[in-house]
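Please put together the full structure from these sequences, using the hints given.
Each chain is listed here by its residues.
Number of protein chains: 2
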Amino acid sequence: MDWLDEIRWDGAGLVPAIAQEAASGDVLMVAWMNREALARTLELGEAVYWSRSRGRLWRKGEESGHVQAVREVRLDCDGDVLLLRVEQRGHEPGIACHTGRHSCFFRVWRDGSWVTVDPVLKDPKGIYR
Amino acid sequence: MDWLDEIRWDGAGLVPAIAQEAASGDVLMVAWMNREALARTLELGEAVYWSRSRGRLWRKGEESGHVQAVREVRLDCDGDVLLLRVEQRGHEPGIACHTGRHSCFFRVWRDGSWVTVDPVLKDPKGIYR
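Residue numbers (this note's numbering), protein chains in the order written: chain R, 1 to 129; chain X, 1001 to 1129.
Hints are computed from structural coordinates only; laboratory data are not their basis. Here the structure is a predicted model, which means the values were calculated and not measured. Do not take every clue at face value.
Okay, the calculated bits of chain R under chain X, using three or more residues with CB under 8 Å as the criterion [claimed, not checked]:
hint, segment
1, 67-75
2, 78-84
3, 96-103
4, 106-118
Positions of the beta carbon are idealized from the N, C-alpha and C atoms, including for glycine.
Below, the structure is given as structure tokens:
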């Protein structure tokens, strides 16, 4: 498919994909996609990533229930980063991070250290059984 | 510096850095940072990236004038992606992309093709002399 060939996949056949909450604009997380992950995402309308640690496709929420409905997929000028505008769903809506937080970007640089500023919304022990 | 060691730099000593407009929440661009780029960014309060194509530090706006004042730097749970909350400045405020557009993510996937949906705000010929 031509539109897949327009993406500049890296040496491992991957590109980073940013998940941004459509309603709030919050950047939730960054994961990786290969051709199949992107094709599946567009087919399902739900985010499917490539897990580098597990070496397989990973449907977001397959274990946590925290699925991402994909409203829009954008490509940058260089063709090497994807931006997904999503709705973060689940039993507890709005949790994208495996730590039980809204966003994976919960640490802020302050005077030489990374300070955790966002609360845990649900104990991860209750998310991953 | 400890806080630099908490970042999981890749094999090339880099991590991706997302620039997000603080006021609008718009994701403007993604570039790369090494240790020095991040240290300089925090020192200056303006975004400094590592240009992989030029193999050197690149102060955003050094040619275009489209500098990014950095309000906040966040690190994700894995420690391998940075999120910069910025104010996109310059003679023409709000232009982050070298194509003269607000954001680098100006193409949307629609029915099997990437459709350009955002306007050019300034002709690049007038940006890079």
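A quick look at each hint next to the structure:
Counting residues of the segment 67-75 of chain R whose beta-carbon sits less than 8 Å from any beta-carbon of chain X gives 4, enough to reach three: the coverage restraint holds. Counting residues of the segment 78-84 of chain R whose beta carbon lies closer than 8 Å to any beta carbon of chain X gives 3, which meets the minimum of three for the stated coverage. Remark: the segment 96-103 of chain R is confirmed as covered by chain X, as 4 of its residues place a Cβ nearer than 8 Å to a Cβ of that chain, reaching the required three. As drawn, the segment 106-118 of chain R meets chain X at 7 residues by the rule of a beta-carbon pair under 8 Å; at three or more, the given contact holds.
Taken one by one, the earlier hints all hold for this structure without exception.
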